[in-house]
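Q: Chain residues, written in single-letter form:
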Amino acid sequence: MRQIKHLFIFSALVLLMGFSFSNFLGIYHQTILALCGINIILAVSLNLVNGFTGQFSLGHAGFMAVGAYVSAALTTLWLPTLTNPFLMTEIGVNLFFLFALLAGGIAAGLTGFLVGVPSLRLKGDYLAVVTLGFGEIIRIFILNIEPIGGARGLIGIPQLSNLYWIFGFVLLICIWIHRIVSSIPGKQFMAVRDDETATSAMGLSTTRIKVRSFVYASFFAGIAGGLFAHYIAYLNPATFNFNYSFQIVAMVVLGGMGSLTGSVAAAILLTGLLEALRPLQDLTGVDLRMVIYALTLIVLMLTRPEGMFGRHEIWEFFKKFKKSPQGFVR
Amino acid sequence: MVDKSKALLEVQNIKVSYGAVQALKGVTLGVKEGEIVTLLGANGAGKSTLLKAIMQMVPLQEGDVLYLKESLTRTKTNQIVKKGIALVPEGRGILASMTVLENLELGAFHRSDWRSELDHIFELFPILKERIKQSAGTLSGGEQQMLAIGRALLSKPRLLLLDEPSLGLAPKIIQNIFQLIQRIRNEGISILLIEQNAHMALKVADRCYCLETGQVVISGSADELAHSEELKKAYLGG
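Just so you know, the sequences run in chain order A and B.
At position 91 of the first sequence (counting the first as 1) the number is 110 in this note's numbering, and the numbers step up by one without a gap.
At position 162 of the second sequence (counting the first as 1) the number is 512 in this note's numbering, and the numbers step up by one without a gap.
Next comes chain A alone, as it looks inside the complex (with noise of 0.2 Å):
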């Protein structure tokens, strides 16, 4: 009974925010909107690896883009070639839909396998250059991919992604980490970013439950990549690269790590931001965007080096003044 109160509750809320945002807005803010809705996908997936796992992951963007292309060359180069009379219908082409975001985040979830097992046995810094590289290797290799454009792009994917798939997945991809992380096994995560050694000692595999979170990561970035390659409707390896894995990594620590509403504030924050001081452009005559996007980040950083929300959700905040203090300190 009360998953069927979830269920009902969870796609009234999907049906409220696509119908509302589709039907009130113009193009230009729900495609704003649709960035959002996927940079805080990619957000709360890297903070799963981040923030709650403790490891330093630079390569997300290129989880994404193995998402993105396998889901787009099944969608633009497969599909065409199928003439089952289902998949023209309007249910059929959304189920292929479907069929192909998740392919494309189990490819990417592969890839994060392949990349995790060899690199999570580093830490720190180590880490984070080796997923910088490993990242790149994923865009050149992709890059170097004729039949999916290569460098050209791959044009012509269908436009079957939309305000409603996207938030759908942001609502259901939110819930479902956030039942991750408050689960026993879950909490592996934490343990092993809080000792490494009392989490071996404990018995537990380190490697494993390191391995685990990079590739719970990786398939949420593919399915992001899948939602953005059927939004934009075009690929282009050059999307892919450090810059926005650094962007994510910007929107883990600006949000606090291990804090998933603070991921999705800060994705909200950041990638909006980048468009409200787009009329500041006209104003001024040169583009003071990055200026004001960097100097944004640095005062957060030295005002609140742990991130706007810590290590806290939201609703911990509320808590805070209404409980006694006791199993809440800091």
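Calculated from the structure, these hints are not laboratory results.
Glycine included, every Cβ here is placed at the ideal spot set by N, Cα and C.
Be a bit skeptical, because a hint or two may be false.
[To be verified] Label pairs and their in silico Cβ distance ranges:
| # | chain 1 | residue 1 | chain 2 | residue 2 | range |
| --- | --- | --- | --- | --- | --- |
| 1 | A | Leu302 | B | Ile482 | 57 to 65 Å |
| 2 | B | Arg461 | A | Gly143 | 45 to 53 Å |
| 3 | B | Thr488 | A | Glu294 | 40 to 48 Å |
| 4 | A | Leu121 | B | Gly487 | 52 to 60 Å |
| 5 | A | Val136 | B | Asn536 | 41 to 49 Å |
| 6 | B | Ile482 | A | Leu292 | 37 to 45 Å |
| 7 | B | Lys426 | A | Asn262 | 32 to 40 Å |
| 8 | B | Asp414 | A | Phe336 | 49 to 57 Å |
| 9 | A | Trp195 | B | Asn536 | 43 to 51 Å |
| 10 | B | Glu412 | A | Gly172 | 51 to 59 Å |
[Said to hold, decoys possible] Only part of the chain B face toward chain A is listed, based on derived beta-carbon distances under 7 Å:
| # | residue |
| --- | --- |
| 11 | Thr427 |
| 12 | Asn428 |
| 13 | Val431 |
| 14 | Lys432 |
| 15 | Gly443 |
| 16 | Ser447 |
| 17 | Leu451 |
| 18 | Leu456 |
| 19 | Pro476 |
| 20 | Ser505 |
| 21 | Asp556 |
Given the coordinates of chain A, assemble chain B onto it according to the supplied hints.
A: Showing chain B alone in chain A's frame:
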């Protein structure tokens, strides 16, 4: 029930180095069932490295570690814990961001009967029950040490490795900890205890080894060594 003559752990001539520095230069020692064995030594003598070598957290260059006559050198740390050796790491290894209960849950969730075991832990450490929802980082040093030991006991070990449980604690708390160590032994768990506090350690231990720059220099029964001039010299690094 406890067969005192049976060898539980045998460390045979192990060598470990960190880069160019050789931390253990061939150490041999043993723990029998039901014993408290203490390992004394100054800073940098290789005590903690020895425990890490037993748990296979550092690679061995040479030598072997036998647990119940079975070599551990090819076993992963987490498997060793499941076989029945638990380590309480130096500096307690508390997961500071989590609550006391979460710390304990993580120590035991791969066992099916951990809930009944948990009651036993709370009986040993009543203070932990009072603080069950408090985040572990806010416990006092002694409470953190108790939590670390309690967490290790949840894996139902036959051998408990303790790395300086008295580190940074007040003398009164140290006495408590040592009483608990004896109580744990009386329940049939063997203990390998690393200590700087030689006086206290020799009081509770059955046997003692003294390490100096990666080698065992003195070994013998704790009663004998408590009065030995030789130990005083070695321990002070003289």
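Q: So, for every hint listed, does it hold in this structure?
A: Checked hints:
Take leucine 302 of chain A and isoleucine 482 of chain B: their Cβ atoms lie about 58 Å apart, and the range 57 to 65 Å holds. Under the hint 45 to 53 Å, the C-beta atoms of arginine 461 of chain B and glycine 143 of chain A, about 32 Å apart, miss the expected range. One distance hint, 40 to 48 Å for the beta-carbon pair threonine 488 of chain B and glutamate 294 of chain A, holds here, with the actual separation near 42 Å. Between leucine 121 of chain A and glycine 487 of chain B the C-beta distance comes to about 40 Å, which lies outside the given range of 52 to 60 Å.
In this structure, valine 136 of chain A and asparagine 536 of chain B meet the distance hint of 41 to 49 Å, their C-beta atoms being roughly 45 Å apart. Take isoleucine 482 of chain B and leucine 292 of chain A: their Cβ atoms lie about 43 Å apart, and the range 37 to 45 Å holds. One distance hint, 32 to 40 Å for the beta-carbon pair lysine 426 of chain B and asparagine 262 of chain A, holds here, with the actual separation near 39 Å. The hinted range of 49 to 57 Å is satisfied by aspartate 414 of chain B and phenylalanine 336 of chain A, whose Cβ atoms lie roughly 55 Å apart.
Take tryptophan 195 of chain A and asparagine 536 of chain B: their Cβ atoms lie about 47 Å apart, and the range 43 to 51 Å holds. In this structure, glutamate 412 of chain B and glycine 172 of chain A meet the distance hint of 51 to 59 Å, their C-beta atoms being roughly 57 Å apart. With a cut of 7 Å, the hint placing threonine 427 of chain B at the interface with chain A holds, because the nearest CB-to-CB distance is about 4 Å. Taken as an interface hint, asparagine 428 of chain B checks out: its beta carbon lies about 4 Å from the nearest beta carbon of chain A, inside 7 Å.
Given hint, valine 431 of chain B at the interface with chain A, holds; its Cβ is 3 Å from that chain's nearest Cβ, closer than 7 Å. At a threshold of 7 Å, the smallest CB-CB gap from lysine 432 of chain B to chain A is about 6 Å, leaving the interface hint in force. Satisfaction of the interface hint for glycine 443 of chain B is found here, the shortest Cβ-Cβ separation to chain A being roughly 3 Å, below the 7 Å cut-off. A hinted interface residue such as serine 447 of chain B counts as satisfied when its beta carbon comes closer than 7 Å to some beta carbon of chain A; here the least separation is about 6 Å, so the hint holds.
For the restraint placing leucine 451 of chain B at the interface with chain A, the shortest Cβ-Cβ distance is roughly 10 Å, beyond the 7 Å limit, so the hint is violated. Taking 7 Å as the C-beta cut-off, the interface hint given for leucine 456 of chain B holds, the closest approach to chain A being about 5 Å. A least Cβ separation of about 18 Å between proline 476 of chain B and chain A goes past the 7 Å threshold, and the interface hint is therefore violated. Contact between serine 505 of chain B and chain A, as hinted, is supported at the beta carbon level, the nearest pair being about 5 Å apart and thus within 7 Å.
Annotation: interface hint on aspartate 556 of chain B violated; nearest CB of chain A at approximately 24 Å, more than 7 Å.
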